[in-house]
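Peer 1: Each chain, letter by letter, is given below.
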Amino acid sequence: MTDAWVLNPDRALPAGELRPPAREIYASTAGLPLVSMHGHVDVSVFADDQPFPDPAQLLVVPDHYLVRMVVSQGRVTLPEMGVRPVGGDAGEAETDPRTIWRRFCENWHLFRGTPTRYWLEHELVEVFGATVRPSAETADILYDQISAALARPDFRPRALFEKFGLEIIATTDPATADLAQHHALAAEGWGERVVPTFRPDPLLHVDRVDWRDQLESLSDVSGVDAGDYEGYLSALRQRRRAFVEAGARATDHGHLLTDTTELGTAEASRIFRGALAGEVTPAEAQAFGGHMLFQMARMSTEDGLVMQLHPGSLRDHDSGVARTFGPDKGYDIPIATEYTRSLRPLLDAFGHHPNFGFIAFTLDETTFSRELAPLAGVYPAMKLGAPWWFLDSPDGMRRYREAVTETAGFYNTSGFVDDTRAYASIPARHDLNRRIDAGYLARLVAEHRIELDEAIETAVDLAYNLPKAAYPPVKVPAVSG
Amino acid sequence: MTDAWVLNPDRALPAGELRPPAREIYASTAGLPLVSMHGHVDVSVFADDQPFPDPAQLLVVPDHYLVRMVVSQGRVTLPEMGVRPVGGDAGEAETDPRTIWRRFCENWHLFRGTPTRYWLEHELVEVFGATVRPSAETADILYDQISAALARPDFRPRALFEKFGLEIIATTDPATADLAQHHALAAEGWGERVVPTFRPDPLLHVDRVDWRDQLESLSDVSGVDAGDYEGYLSALRQRRRAFVEAGARATDHGHLLTDTTELGTAEASRIFRGALAGEVTPAEAQAFGGHMLFQMARMSTEDGLVMQLHPGSLRDHDSGVARTFGPDKGYDIPIATEYTRSLRPLLDAFGHHPNFGFIAFTLDETTFSRELAPLAGVYPAMKLGAPWWFLDSPDGMRRYREAVTETAGFYNTSGFVDDTRAYASIPARHDLNRRIDAGYLARLVAEHRIELDEAIETAVDLAYNLPKAAYPPVKVPAVSG
Amino acid sequence: MTDAWVLNPDRALPAGELRPPAREIYASTAGLPLVSMHGHVDVSVFADDQPFPDPAQLLVVPDHYLVRMVVSQGRVTLPEMGVRPVGGDAGEAETDPRTIWRRFCENWHLFRGTPTRYWLEHELVEVFGATVRPSAETADILYDQISAALARPDFRPRALFEKFGLEIIATTDPATADLAQHHALAAEGWGERVVPTFRPDPLLHVDRVDWRDQLESLSDVSGVDAGDYEGYLSALRQRRRAFVEAGARATDHGHLLTDTTELGTAEASRIFRGALAGEVTPAEAQAFGGHMLFQMARMSTEDGLVMQLHPGSLRDHDSGVARTFGPDKGYDIPIATEYTRSLRPLLDAFGHHPNFGFIAFTLDETTFSRELAPLAGVYPAMKLGAPWWFLDSPDGMRRYREAVTETAGFYNTSGFVDDTRAYASIPARHDLNRRIDAGYLARLVAEHRIELDEAIETAVDLAYNLPKAAYPPVKVPAVSG
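As given, the protein sequences belong to chains C, L and P, one line each in that order.
Residue numbering for the first sequence follows this note's numbering, starting at 1 and increasing by one per position.
Residue numbering for the second sequence follows this note's numbering, starting at 482 and increasing by one per position.
Residue numbering for the third sequence follows this note's numbering, starting at 963 and increasing by one per position.
One or more of the hints may lead you astray.
Unchecked claim - These stretches of chain C come out as covered by chain P in the derived footprint (C-beta under 8 Å, 3 or more residues):
1) 6–15
2) 309–318
3) 389–395
I should point out that these hints are in silico values taken from the structure, not numbers from a laboratory.
Since the model is a prediction, treat every value here as computed from it, not as a measurement.
Virtual Cβ for every residue (Gly too), placed ideally from N, Cα, C.
For reference, chain C alone in the conformation it holds in the complex (with noise of 0.2 Å):
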């Protein structure tokens, strides 16, 4: 421990003979701009620019990849984390930050093999000049030495996306949002380089508890009378319209299942009806979200914001966690997912369709090479996502390749995106991705399947070209409605 700790240079490379290449190929992204087009830091951390408060809240608590590995070995719960029951006061969780912080350094070895542990090396060496390996020993060391670098003024959210290389990044906005601090930033010369993106998932589930209120925002925000299904649709579409001026390119859609079958108008204002009069089925919600699918993707058409589908999570396993600490803490787990038959009535309808672009993620490896990638292989209007959530990992982004590239392409693929809600991890989560493509390119190289200079021209569309030609700028409208 007298000795700096210096990340290898070659780390998630391959080893042997594929290395050399692979650092050739690593060589010519690794100082690329991140683009980052889907994300889920809050817009507000930019419109504010406050400094980050200390350790544990950056980057322990609301990490629910780190919270859950600590919690699953039954030796500390969440609240000995940090994490607090909904409603309840601060006394209820562990609030002295330098507490939790050594409870996530006794367990650092639970990490070992994982990406959080790649992440988070790169993290504490690169971003904040740690000096020593977490453990129960060194703690208290690593949290003086973060705590130091977030009271510099170059640490602040902005400074900081200077540093990452950061050329753009996009949040995540509730359909319902006022987009004031997208507007604020805007005016502060920010407005190419923090954008939003629409989602509208709690208005599209009528069966939710909070979807009236949902509809009352949406009515609110929108100016336009939500009370009915021709109404919810003309105010959506002004949300999208409210997005696009807002500097929006695209839309995200978590739903459980990925059917996209559109019913017919009664149909659909049938079940809009019973779900205002709190009168709808599970099915029926279902078909809704469905039918709300296809309707996004015609909206998506007519404005040319690019859709996104993140299906096949089921939230809130446990159902006590979720009643006493709420949604995202590390409870959502995948189920097997259907996307040939589920996604036919939409790619049918716009799969060649001149102004969409459609983005399947998956949490469903099993899909990639069995309907992804046949998908995104022949729909011009398709893009297969990077791997997504558990399957962003050294290996995980290895198998993507090897399973979807035979099949799409690799001009298929979307490109890389970090989908992270801990900022300081974003230029970590883009050079792990940055460095497995390169070995899987450099395994191609090496078995005189493409040759030297295609993997690095294809490793430089893949780290930049790629995510920026998937979520171009969306022109806006001339009138405005």
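Please arrange chains L and P on chain C, whose structure you already have, making use of the hints.
Peer 2: Frame of chain C; chains L and P shown alone:
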């Protein structure tokens, strides 16, 4: 581009310490004759033995692997790639082969990492002696090189048969084919080299719009009235016998589902009558399809034709493309496929029958280790077919061996089949398979799991002996009805 | 064959630059005691401590992995391999062990690339000191070498226990077992070394033809009348307590489905009564099975027995084989298995219970990254079991680590279990697992994802500490009912 284009002799072999044993194993199979027991080259190619028209018509237009990739980017349409609308006249699609060829060459980068690229490189260099890689700049040079070759007599189909080192090729023929061209080939001494395969799909799917027309053709060609269920079975038996007499060794079945449940005769007759009257539900048609797979298996035990099953492809995913351009345009997409329960009736009845050979294929890789290897690893009648369609790729074939061998061994697999209508790609496809199997075997050697001499013996079996054994010649019955 | 047969010390380790770290990691675990917490060696083997009869009866006939491969080629039948029809007399199957052994040796090539081959090579050389590889020519030499060994006192079961380095072995015992042999072993001081496992499957599947007989046995052995639903639960509780008193640490459950939905007591009682009356539908039996898994989990929270679940094997796929030869003849075939929704009731109720340990296994690899790792990676009660059955193979174990570690880490897995009735194969199985884990860890080291000292510590945990921790001794309750 001044240097001639030479393919690396180690292409598609693993890099590093696995390469020397892989080279040695590959060397033992590289020169073996090609046994091509499942493919889609039209019998007329051999019967007529006419020169191939031009590079685009030979290599691009009929290969939906290749066309789908070019159109997937949305910059080129099917007609621009020479694909003509059904019933359309020449003016509705590009007719200039040089223009089509250029469009393909301009998009060469899309094929990086795909098997299409490997096959084409092999074809261009090894078959046509091309000296430049495809690109916008080289398209015309390549076009002229290939055209010059195609004009030579040694590029006629039968001459290529010799040049390719083919020992035998199986075509795929409708059950209603009169097999006249096969008989003509036999009369010319080619009967042992080009054999038909019995493909009755359109007759077994009673909800197809053309089913009744098919039935009429069946009656006509068989001389047996297929107008009731018993007659239909007799007519199918007659056609199978005619195929056996024409040298056929196998049947082939492409069903969406894998169900093989036998219905009672009364129920089967009822559905048949309903279908004749144009009254059949999708569920009935599906049940009848499963029932007929069972009947096909029974007939195989009687006549000795090996039964091949290729399930799980949802045909014509885009209804607009199907309507305008017809089938086989790259829009067939796999679905999750079940084998354990679905094949139970068939295997329970015939899985130990001494005169039954059954080869199952899949587009759903998840079934390799879970269902197909366990089944093929115990039932004597069953062999596991080669990785099919999208999976007939370097990494796809490697994953197949990795998923299958540990449970089924090598000797319950049926050896490579090229399954292609692209005649000129056949040597490339067999070559790639031999390289990938060599690489897999080399790993087993390097990990001291088998000896090098065993690996070489196994490689020869996989490339040559197993496909011959899996599709043995069928004895023509002494008395033909 | 003049040279003695020596196994390569690097077998099953990765080749090339991964081999040196793999060797070093493997060296740290090669000599650790074997903790065998889940297996199928009969308790009488240890209680009686009699010599094993002959090579065929020890190594071939009872091992359905091995027999299935030989019969899969259709040239040898089950009876020819010594498998006797149920109720059949000796004449209906081969009885000469030397003939059976020869048939096996003649088919040695079928095992290339399989784990069976690895295990047998290890057994033959390391346990029996064989000097020649199996083949038609060497069968008799090998037979004599093994026979000579089996005649020696140090080849009796208890002597082998020491020689193998076993620390503890768990047998699998029916819930209705009287455990007399376990008590006898305890009296001889072997109670800590050979422990029972509670397996109640036949009692939980109310549609089995022998269910009522089983129920009678349960009443008899427990002294509790199991003739109504409440009595049935009490009797099960009694047997669990008896198992705890006999040293059991776990229960084991083999259900086709993974459903764990609790029924109301009225509904459960109703189905129970119907089953007693011989009136139960398949759907009711299935629902009752899921309900009873939930009850077993509840009882585990009460008595501390770790709950093991092994779902997804469709038993007796070939009904003719089952009828003639009985179960466990190699005809159990996996099906696609669902965990996320199915385990929700159980994990929602008990997933955070401090006295509950739950270990899930699978034959469906697709669930590793999609469902099982995400679940085990968050629920404190749940651990992910070792790759099971067909997946207990070199590449199967490697894929398991690759699919699981990035989400669940190493410490939410329960360590290796050999799950075998082939006693002599136990050291080979643990050895192979240690080599594969070493190879996986070596790659993480070579890719600078973990340090070598961490890899060594992890390897020791996987091989020894984790299985001990996952199956802790259970405290015997002070007052036994």
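Peer 1: For every hint, state whether the structure bears it out.
Peer 2: Now the hints, each set against the structure:
Restraint check on the stretch 6–15 of chain C versus chain P: 8 residues with Cβ-Cβ distances below 8 Å, three needed, restraint holds. Requiring three or more residues with a Cβ within less than 8 Å of a Cβ of chain P, the coverage given for the stretch 309–318 of chain C holds, as 3 such residues are present. Given as covered by chain P, the stretch 389–395 of chain C passes the check, having 5 residues with a CB less than 8 Å from a CB of that chain where 3 are the minimum.
In the structure shown, no violation is registered for any of the earlier numbered hints.
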